[in-house]
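Using the sequences and the hints given, assemble the complete structure.
Chains F and S are the protein sequences, given in the same order. Under my numbering, the residue at position 190 of the first sequence is numbered 190, and the numbers go up by one with no gaps. Position in the second sequence (from 1) plus 1000 gives the number in my numbering.
To be clear, the hints were calculated from the coordinates, so they are not data collected in a lab. Check the hints yourself; a few may be wrong.
Over the 10 angstroms line for every Cβ pair with chain F, so calculated as not near, a few chain S residues [unchecked claim]:
{"#": "1", "residue": "E1021"}
{"#": "2", "residue": "Q1056"}
{"#": "3", "residue": "F1071"}
{"#": "4", "residue": "E1083"}
{"#": "5", "residue": "A1084"}
{"#": "6", "residue": "L1093"}
{"#": "7", "residue": "N1112"}
{"#": "8", "residue": "T1117"}
{"#": "9", "residue": "F1124"}
{"#": "10", "residue": "D1126"}
{"#": "11", "residue": "Q1130"}
In silico DSSO-like links for lysine-lysine, alpha-carbon gap of 30 angstroms or less [what the hints assert, rightly or not]:
{"#": "12", "chain 1": "S", "residue 1": "K1042", "chain 2": "F", "residue 2": "K56"}
{"#": "13", "chain 1": "S", "residue 1": "K1067", "chain 2": "F", "residue 2": "K62"}
{"#": "14", "chain 1": "F", "residue 1": "K7", "chain 2": "S", "residue 2": "K1053"}
{"#": "15", "chain 1": "S", "residue 1": "K1035", "chain 2": "F", "residue 2": "K143"}
{"#": "16", "chain 1": "F", "residue 1": "K76", "chain 2": "S", "residue 2": "K1035"}
{"#": "17", "chain 1": "F", "residue 1": "K8", "chain 2": "S", "residue 2": "K1123"}
{"#": "18", "chain 1": "F", "residue 1": "K65", "chain 2": "F", "residue 2": "K133"}
Only a predicted model underlies this, so the values are computations on that prediction, with no experimental measurement involved. Glycine included, each C-beta is placed from N, C-alpha and C at the ideal position.
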Amino acid sequence: MNNLVLKKLNELNLKELNQQLLAYTHSRLKHLKWRHKHEGTTKGREANDYVQEALKLALEGKDRKWNPTTEPDLLKYLKGVISSLVSNAITSQESKSLTSFTPQDLQDRNSPHVIHKQASIDKLLIKEELKQKIKTAIEKAEKKKPEIPLSLIFEAMDEEMKPREIMEVLNLEERIVRNAIRQIRSISDKTINT
Amino acid sequence: MPSKEPKNNDPLLNFFNGIEEFVSSNAEEAVNYLKEEDIDYKNLVEENVDYIKNLQAQYMLKAGEEKQNWFERKKQEFLKTFEANREKIHMDLAALQVQVNFKNLSTEGLSNDELETLFEDAKFLDYLEQEFPDQKDDEGNS
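Laid out in structure tokens, this is it:
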């Protein structure tokens, strides 16, 4: 048992913590399933199953233990655990599809390794194309309301900038940035699903 | 727009990571997202809170049992050592000013009641921890 996690959970608002974890996991699962084009690869497990597993692992203190000195934020730590659990569930399915190969396989155009590599390149191109589609849809929305720099905010997010950094760099109010990110999220979801 | 060094070459990966962080950045944003995604979050959250409380209760119960075992173990260690070092222990406890009548320690040994009284004394427990330390891990779990 990890006494530190137990103690911290007693201090936190459990309802809010779970709302945040559930939203994070649902969003991550949606993106990973889409990025890996694997429906059902999570073996029928839903977002909440991952949240519960992460909580159990954290409380048991097994594997990757929570260390408040290096990561004081328990929510952030739990998100990291969930991210690993979800990624492992999806990527383990991918690796299963690739059988072991020999150096001779590299010269064989039909070898699993070469096929896998080609599939990765294809995926990359599809993603790049989709990114362009999202950008175009965002630019279209921006034309209707040019005072909100949606394209710049999208680019900033793609460069790993946090909402607070975007606010500072673009000199925008928090409310405006948050609304813009919600709108961008909605546009990207629609574009992916069409 | 000042540009950060891209962490990877996977298109949209940073963007998706950003969205995931954004929708879980606070409870209000999370609820907005879950509502938009048409997720029955209230029941799930309630289920999870019960799940955590249940896990906590299990662990507390286990911790209680462990504490009880600790007492029993220390009691045996103490009694064994006491027989061999009666005089030293008597002096140690006197120095600690343990609030029990331990005159019997140096004469006939301890009755069960006296032993129970000793184990209710915080200073005596400190003494036991000091004299019979447990191995602890980095998190302070024994």
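Verification of the hints:
For E1021(S), the shortest C-beta to C-beta distance to chain F comes to about 7 angstroms, within the 10 angstroms cut-off, and the non-interface label is violated. Once the 10 angstroms rule is applied to beta carbons, Q1056(S) is inconsistent with being away from chain F; the minimum gap is 6 angstroms. The claim that F1071(S) is not at the interface with chain F holds, since no C-beta of that chain comes within 10 angstroms of its own (minimum 19 angstroms). Non-interface status of E1083(S) relative to chain F is upheld: no Cβ of that chain comes within 10 angstroms, the nearest being about 35 angstroms off.
With a minimum CB-CB distance of about 34 angstroms to chain F, A1084(S) clears the 10 angstroms threshold, and the non-interface call stands. No Cβ of chain F approaches the Cβ of L1093(S) within 10 angstroms, the least distance being about 30 angstroms, so the stated non-interface status holds. Listed as outside the interface, N1112(S) is consistent with that label: its C-beta sits roughly 32 angstroms from the nearest C-beta of chain F, beyond the 10 angstroms cut-off. In this structure T1117(S) is separated from chain F by more than 10 angstroms, as the shortest Cβ-Cβ distance comes to about 29 angstroms.
Annotated as non-interface, F1124(S) keeps its C-beta farther than 10 angstroms from every C-beta of chain F; the closest such distance is 24 angstroms. The beta carbon of D1126(S) is kept farther than 10 angstroms from every beta carbon of chain F, the shortest such distance being approximately 19 angstroms. At roughly 21 angstroms, the least C-beta separation between Q1130(S) and chain F is larger than 10 angstroms, which holds for a residue marked as non-interface. Among the hinted pairs, K1042(S) with K56(F) is consistent with the structure: their alpha-carbon atoms are about 20 angstroms apart, no more than 30 angstroms.
Note on K1067(S) and K62(F): the hinted pairing holds, with a Cα-Cα distance of about 21 angstroms set against a maximum of 30 angstroms. The suggested pairing of K7(F) with K1053(S) holds, with an alpha-carbon distance near 12 angstroms, which does not exceed 30 angstroms. For the given pair, K1035(S) sits about 28 angstroms from K143(F) by alpha-carbon distance, which is consistent with the 30 angstroms threshold. Proximity of K76(F) to K1035(S) is assessed by CA-CA distance (about 22 angstroms); at most 30 angstroms being required, the pair is judged to hold.
Between K8(F) and K1123(S) the CA atoms are separated by roughly 28 angstroms; this keeps the pair inside 30 angstroms, and the hint holds. Between K65(F) and K133(F) the alpha-carbon distance is near 41 angstroms, which puts this suggested pair outside the 30 angstroms criterion.
Of the numbered hints given earlier, the model fails hints 1, 2, 18; all others are met.
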